[in-house]
Amino acid sequence: MTPSRVAFAAILAKDLRSELRTLQSLPAMALFAVTTFIIFRFGLDRTSLSGSLASGVLWATLLFAAVLGINRLFVAEREEGGFDAIRLAPIDRSVLFAAKAAALIIYLAALELVAVPIFALFFLDSVAALGPLVSVLLLADLGLAVVGTLISSMAVNSRARDLLVPLVLLPLVVPLMIAASGATEPLLVVGGPGYHRFGTWLMVLGLYDLIFALVGWAVFDFLLED
Amino acid sequence: MYGKGLRPLSIATVVAFAVGFSLVFFYAPLEADQGFIQKIFYLHVPLASTALIGFIVGGIFAIAHLRTDNPKWDAYSYVAIHISVIFGVGVLITGAIWAKASWGHWWVWDEPTLVSFLIVFLLYCTYYPFRYAIEDRDRQARYASVFAVTAGAFVPLNFLAVRMAQSLVHPRVFATSEGGLPGSMLLTFLVCWAAVALLWVTLVKFELTAKSASGQLKRLRRALDAPGRAPSSRIAPEVS
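Respectively, the protein sequence lines represent chains A and B.
Numbering-wise (my numbering), the first sequence opens with residue 118 and increments by one.
Numbering-wise (my numbering), the second sequence opens with residue 715 and increments by one.
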């Protein structure tokens, strides 16, 4: 039995390497996010945003961009026989879940590294909120990654892959989006970042992450059986 | 075999509803603020809590399916969720009527319970396209169970998040269903709840019986088409 740590590192490195070589997901996610900002600029007819509007635009954009990456997360496994290889390998199958979620967190962080500064450049008056925003982004990424990995691994084995991920994922992440935008809204109000109920929302995000990480870890084994 | 006990159960349901509705209209007092329309409470709240409990029960059946790999539990889980989704439609309709009557709008966004319920309902609506997009029968059952477990964990979390998104001072009209109720209303409410819960159990049993009968029929037909092979004795109802 290969130690889980080694297997985790190997799968994660494989994923990152293949993404770096093919650039299948990340450029599309970033482009999508920037284009969506432009659509919001004209759809809302605003040149600067603050408070709940800013947090809504940011989170809606990040969520839909994330869906693009989540859709493609297991495509290589399915089409190139990666699932069979994992089944044959002497490793704990939950390691695949952890490694894929970790890869997704890295994709999302990379997306936000591009999209959030551009968002600030387009719409925000000051960048003072970006520091505390990082903690919200990280916690939300973790939740999106565990739920996204779980849904993606199921959807990829179905007929309606591209349809199922957004269909099932969106209602599942509603609480995550409530908490993330609840924490982001006071950060982006005019007149500097505020912290109204900031800690409470971070706790809700953490609770969401914890529950779905545990659920995903517990049920992932059943998704690989065949 | 699933049909066993269906008749007494159906009769009990009808009786419970007759008693419940008689209590609603002839025994329970008119509520001082809202008057007659408040009586929809005796249908709306039992439907909602039964549907939510049904979703959780579907998740528990799904856990049983994942642990034992017995297709029977998958059928139970599917039917529990299916009937709860149908109840959910009733909850949203009665909720909208009640909201229109007492707040003046068909839909109110600052009533957290209603909003949470809508989100949960939408999630469980995706159970059907999700389930039937997977062709292989065993895999379909397994994935549906994973969905049911995940969604079951989602239900309480969602209620927490939506409730927290409201300003904390919002007045809760019927926050504690038992807490502020006079005895006669409480009794009526409990009888109605029992009736709705019985209806849920009856419908689940009915659906299971129908599914098992049609599955059995399909197997017998298959056996007729291919003589020489005895019909399999699998008794779990087929979900299709």
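Any given hint could turn out to be false.
Claimed, not checked - Stretch by stretch, here's where chain B covers chain A in the computed footprint (C-beta under 8 Å, at least three residues):
no., region
1, 280-291
2, 294-305
3, 324-330
By construction, these hints were calculated from the structure, which means they are not laboratory data.
Beta carbons are placed, not taken as given, at the ideal position from N, Cα and C, and that holds for glycine.
Do the hints match the structure? See the list:
no.: 1; hint: 280-291; result: holds (count 7)
no.: 2; hint: 294-305; result: holds (count 3)
no.: 3; hint: 324-330; result: holds (count 4)
The structure is consistent with each of the numbered hints, conforming to all of them.
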